[in-house]
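Residue numbers (my numbering), protein chains in the order written: chain A, 2 to 116; chain B, 117 to 286.
Hints listed in this document are in silico derivations from the structure and should not be mistaken for laboratory results.
Virtual Cβ for every residue (Gly too), placed ideally from N, Cα, C.
Where hints are given, some of them may not hold.
Said to hold, decoys possible - One-sided excerpt, in silico: chain A residues whose CB lies under 10 Å from chain B: (1) 7; (2) 39; (3) 56; (4) 68.
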Amino acid sequence: MRWAIDHTSRERLQDQIATCVRRGVASGELPVGEQLPPAAELGTALSVDRNTVLAAYRQLRDDGVLEFRRGRGARVVSAGPALSSVTEAAQKLIATASGHGLGKSDLIRIIKELT
Amino acid sequence: MTSLPIAGPTQHAVYTGRTTSWPMVATTCAGALLIVLMGKESNGAWTDLMFVVPLILVAIGVLANVLTASSVRATAGPNGFTIRWGLVGWPRCTYRLDEIEHAEVIDLPWWRVSYGFWRTPKRTNCTVRSGPTVRLSLRNQRIVTITVPEPAAAVAALREASAGGQLGIA
Chain A
2 MRWAIDHTSR ERLQDQIATC VRRGVASGEL PVGEQLPPAA ELGTALSVDR
52 NTVLAAYRQL RDDGVLEFRR GRGARVVSAG PALSSVTEAA QKLIATASGH
102 GLGKSDLIRI IKELT
Chain B
117 MTSLPIAGPT QHAVYTGRTT SWPMVATTCA GALLIVLMGK ESNGAWTDLM
167 FVVPLILVAI GVLANVLTAS SVRATAGPNG FTIRWGLVGW PRCTYRLDEI
217 EHAEVIDLPW WRVSYGFWRT PKRTNCTVRS GPTVRLSLRN QRIVTITVPE
267 PAAAVAALRE ASAGGQLGIA
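Taking the hints into account, I'd like the entire structure generated from these sequences.
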């Protein structure tokens with residue numbers, strides 16, 4: 002599992018960590034039942050405080066993505082929103098864009114500008 | 117998540133992975149079964165040293181297996197490469213980036229799998245299965261071989277973390 006956070010970003014670190022987990026779950030890299038690294042270990046690796054990782058894990062638990070069990074750490078319990086919904090939305094976007102005469106490169110440019 | 121773009125200059129990218137040591141899990145189960153069988157065979161002679169001493173030894177072996185050898189966790193990133201064993205993360209080894217001269221993915225044959233933590237004068241082996249495995253060549257000439265779920269991603273994380281091309285990635 003690859004974790005990437007930006008310490009200079011305006012986005013809160015705990016939100017960035019939660020995004021990494023959501024991305025891993027959505028891509029199938031973190032299957033249901035997979036155990037996440039202990040908060041202290043991940044905190045050390047990412048150079049953030051253990052409580053920041055715990056805050057991200059709690060956020061994901063509240064969203065139903067993770068569960069905590071004593072002695073077993075944090076585990077993935079939900080596959081999260083399926084990527085198929087994203088693919089469906091992308092198909093709609095492509096159809097709308099082609100209706101306006103916009104091609105692939107135009108769409109990529111617009112998405113890059115927005116993200 | 118190997119399809120993700122390379123981390124930017126302000127990003128902090130690490131790889132974490134956990135591999136279960138199934139041979140050790142099987143050994144633990146066999147040990148637990150042995151305890152049950154010894155208990156049945158004792159016929160209530162729990163005070164007899166012939167039963168109690170082997171029972172304690174087997175129980176210690178099972179506990180040690182669960183605590184230290186059931187799985188291996190690896191972390192690769194700006195802090196180097198860290199390996200932790202078992203439930204409590206011990207034994208633990210950390211190799212800082214400046215200690216690593218070379219990192220590569222090798223194809224480990226089954227006859228070279230250590231099924232645990234082995235340290236010899238020139239090598240450290242933390243392997244639990246054959247196949248693609250991370251191999252670190254340290255500046256002190258030590259060779260470290262570690263099983264991780266995605267060896268290429270682990271090496272890529274080290275490569276991203278290495279400032280100024282300290283590592284030569286094969």
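Hint check:
1. 7: 5 Å, holds
2. 39: 7 Å, holds
3. 56: At 17 Å from the nearest chain B Cβ, residue 56 of chain A fails the 10 Å test, so the hint is violated.
4. 68: 17 Å, violated
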